[in-house]
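Chemist: Listed here are the chains, written in short residue letters.
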Amino acid sequence: MEKLRIALPLFGLLLLAAACNKKADFNYYYYEPADYALISQHLNLPEIPDDYRAQLPTHIANLGLAARPVEQDKAILGRVLFYDKSLSKDGTISCASCHKQELAFSDNAKVSTGVFNRAGDRNSIALGSVLNFSAYYGTDLFGPSGVPFFWDNRAGTATEQNLASMTNPKEMDMSHSDIVSAVQSKAYYAPLFKMAFGSEQINSERVSDAIAEFVNAIGSYKSKFDKEAEKAIGYNVYSNNEYKSFSGFTAQENAGKNLFLANCASCHSPTQSRPAKMKANNGLDIATTDAGVGGITGVSADQGTFKVPLLRNIEITAPYMHDGRFATLEEVVEHYNSGIQAHPNLSEELRAPGGGPLRLNLSENDKKALVAFLKTLTDTELIADTRFSNPFK
Amino acid sequence: MPMTRLYVSVLLIAVLLGNNACTHYYYAPNTLQTPFLQEQHDARASLGMISGDEFNGYEVHAAYSPLKHAAVMVNHFQVSSGSGSNVSSSEDSGAGHLTEVALGGYYPVGKYTTFSLFAGWGAGSVSNNFDFDVKADLSFQRRFLQPTVAIRGKWARFGAALRFNQLRYVKGEVDVEVGEPDLTIIRNIERASPLFVPEAGLSCGFGYQAFWADFNLNFCNIRDRDDYHFAYSTVGLSFSCQLDYFWRER
Numbered sequence: 001m002e003k004l005r006i007a008l009p010l011f012g013l014l015l016l017a018a019a020c021n022k023k024a025d026f027n028y029y030y031y032e033p034a035d036y037a038l039i040s041q042h043l044n045l046p047e048i049p050d051d052y053r054a055q056l057p058t059h060i061a062n063l064g065l066a067a068r069p070v071e072q073d074k075a076i077l078g079r080v081l082f083y084d085k086s087l088s089k090d091g092t093i094s095c096a097s098c099h100k101q102e103l104a105f106s107d108n109a110k111v112s113t114g115v116f117n118r119a120g121d122r123n124s125i126a127l128g129s130v131l132n133f134s135a136y137y138g139t140d141l142f143g144p145s146g147v148p149f150f151w152d153n154r155a156g157t158a159t160e161q162n163l164a165s166m167t168n169p170k171e172m173d174m175s176h177s178d179i180v181s182a183v184q185s186k187a188y189y190a191p192l193f194k195m196a197f198g199s200e201q202i203n204s205e206r207v208s209d210a211i212a213e214f215v216n217a218i219g220s221y222k223s224k225f226d227k228e229a230e231k232a233i234g235y236n237v238y239s240n241n242e243y244k245s246f247s248g249f250t251a252q253e254n255a256g257k258n259l260f261l262a263n264c265a266s267c268h269s270p271t272q273s274r275p276a277k278m279k280a281n282n283g284l285d286i287a288t289t290d291a292g293v294g295g296i297t298g299v300s301a302d303q304g305t306f307k308v309p310l311l312r313n314i315e316i317t318a319p320y321m322h323d324g325r326f327a328t329l330e331e332v333v334e335h336y337n338s339g340i341q342a343h344p345n346l347s348e349e350l351r352a353p354g355g356g357p358l359r360l361n362l363s364e365n366d367k368k369a370l371v372a373f374l375k376t377l378t379d380t381e382l383i384a385d386t387r388f389s390n391p392f393k
Numbered sequence: 001m002p003m004t005r006l007y008v009s010v011l012l013i014a015v016l017l018g019n020n021a022c023t024h025y026y027y028a029p030n031t032l033q034t035p036f037l038q039e040q041h042d043a044r045a046s047l048g049m050i051s052g053d054e055f056n057g058y059e060v061h062a063a064y065s066p067l068k069h070a071a072v073m074v075n076h077f078q079v080s081s082g083s084g085s086n087v088s089s090s091e092d093s094g095a096g097h098l099t100e101v102a103l104g105g106y107y108p109v110g111k112y113t114t115f116s117l118f119a120g121w122g123a124g125s126v127s128n129n130f131d132f133d134v135k136a137d138l139s140f141q142r143r144f145l146q147p148t149v150a151i152r153g154k155w156a157r158f159g160a161a162l163r164f165n166q167l168r169y170v171k172g173e174v175d176v177e178v179g180e181p182d183l184t185i186i187r188n189i190e191r192a193s194p195l196f197v198p199e200a201g202l203s204c205g206f207g208y209q210a211f212w213a214d215f216n217l218n219f220c221n222i223r224d225r226d227d228y229h230f231a232y233s234t235v236g237l238s239f240s241c242q243l244d245y246f247w248r249e250r
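Chains H and L, in that order, give the protein sequences. Just so you know, the first sequence maps onto residues 1 to 393 in our numbering. Just so you know, the second sequence maps onto residues 1 to 250 in our numbering.
A hint or two may mislead.
To be verified - Over the 10 Å line for every Cβ pair with chain L, so calculated as not near, a few chain H residues: (1) Lys22; (2) Lys23; (3) Ala24; (4) Asn27; (5) Leu38; (6) Pro49; (7) Thr250; (8) Ala265; (9) Lys277; (10) Tyr336.
What the hints assert, rightly or not - The calculated lysine-lysine pairs, modelled on DSSO-like cross-linking and capped at a C-alpha distance of 27 Å, are: (11) L:Lys135 to H:Lys194; (12) H:Lys231 to H:Lys368; (13) H:Lys22 to L:Lys135; (14) H:Lys85 to H:Lys186; (15) H:Lys222 to H:Lys89; (16) H:Lys22 to H:Lys186; (17) L:Lys154 to H:Lys23; (18) H:Lys22 to L:Lys111; (19) H:Lys244 to H:Lys367; (20) H:Lys89 to H:Lys22; (21) H:Lys375 to H:Lys224; (22) H:Lys231 to H:Lys110; (23) H:Lys393 to H:Lys194; (24) H:Lys224 to H:Lys277; (25) L:Lys135 to H:Lys23.
Said to hold, decoys possible - Some, not all, of what chain L presents toward chain H, calculated at C-beta under 8 Å: (26) Lys111; (27) Val170; (28) Gly172; (29) Val176; (30) Glu180.
Hints in this document: simulated from the structure, not taken from any laboratory. Note that the Cβ used here is the ideal one computed from N, Cα and C, for glycine as well.
Bound-form chain H, shown alone (with noise of 0.2 Å):
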């Protein structure tokens, strides 16, 4: 009895030791595995998704502009629906046709071509030109100082531009119940609409809500660029030393740097993140060809003036301009130096003090420096990101 009066308590012991030390292992879902085993058949899509929110980089943030909210689920689908060329009357062509993820979300082709080889009217925009669509594209939540879309601005938000895009009949030709019934005739649709939207029901709303998502959430900010302005976070156009030199930057790099502030950032803007002029005409022809954003306005003073578009990525998302005049970046800086035309709408930054079109006489190294600061713009982290690319098997 004694025995077992301290066997016990031993035993107790025993049994805390006895008990297993392994580390815990946790299983994380998003699926339904029966789900997911349908989406794989077609689709390689993460089993946990990818983070789709941006995160600004602080000397864009210090400008005072938020990220806006991405909705992971929607921008999952929003992926895949890019990129589904079922969405295009003849089965040939996606969003991704013409805003090809190795140029940064644009075309090669002057102007690109729809279905049916439809040539289209303009040039494709580099999606990754933007640093953030979430930063301060669309009227929705920015009112009229929001960055609206296309050259000619006639597109207040994502939803409205994709929407124009995939009804045009120059690019997918669609109708809303084409579109419907194309993505209805795909299984794997159904989970990931109940993931993005709650439940399996498809419209065109929807389609077109979750590829602005997906839109939105194409950010680029890891260019060499942003890498020197963040490690010189003073740098912004409201502290005025944006002509301090970049210590990561070549001498030619920042000699470019400063060449453009003097006679580009007016309009580019010089952080590269929010363009400092909505519209604007910078001098391509004498005479108006395509009205841009007259064309929508109606009002003279916009005739033959377009979007002032971002220049981020802009080494690979050539040919230039909205009716992909230009080749390469060489033609541009010498458009600039030397070519401006006395358009009646030609933009005061671009104009001579008697008004006349502007010359730069810039030297030949003048324009290497220019052409060399372009090409900090470059983001290959953005043209490498699986979150971006084609998920179809």
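Based on these hints, arrange chain L on the given structure of chain H.
Modeler: Frame of chain H, contents of chain L only:
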């Protein structure tokens, strides 16, 4: 005793009314039972209600001394949170339970005081529900050492205990849609497990002969508690019956 009940009720009400923003907890301390054992064949069973920040539940406990100076103890603890009644299944809610057995020795000193030391092992789980059937279910095992001191008089009794837990999370099924901050919290728990969780408990009770009511306060203190969303404390009110009273010759 009415005072105690009043205190518990006030606390319960404060807890129920106080907080709308739902915190999902991944651990809560159960009552550190202080079995008031003095001699062989002492036995007791108790039933209590328990409450903490945004959760409530019940607890059962039994202890028996089969041999002089040795005892077994069994505890079961069950809590839940979130308003299940008036809303759909999409509402945030949570539930947890824990069942454990312990063996130990006790040593009475004088007429009123008993020292005891229990070693125990238990298993439990906690499951939290978020919107749209989004869930995080974790299961854990716990082993502990619990030194206790108990003082018993004719009408009143008092107990104090420490409990040194090794809390080991075994399995988890986590829908990543639980979102932040919970996803980070859960990953913290996974990384940190097994965790060392020291706890302390106080109880004071009133009663006579076989029937007693005890008010219990329990604290769990762990480094960086906010990283794990562990509930800090629970309060409980339990009613217990000293069964030995009925079979003991007086």
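Chemist: Provide an ascending list of the numbers of those earlier hints which the structure does not satisfy.
Modeler: Hints 1, 2, 3, 4, 6, 15, 16, 17, 18, 20, 22, 26, 30 contradicted; others consistent.
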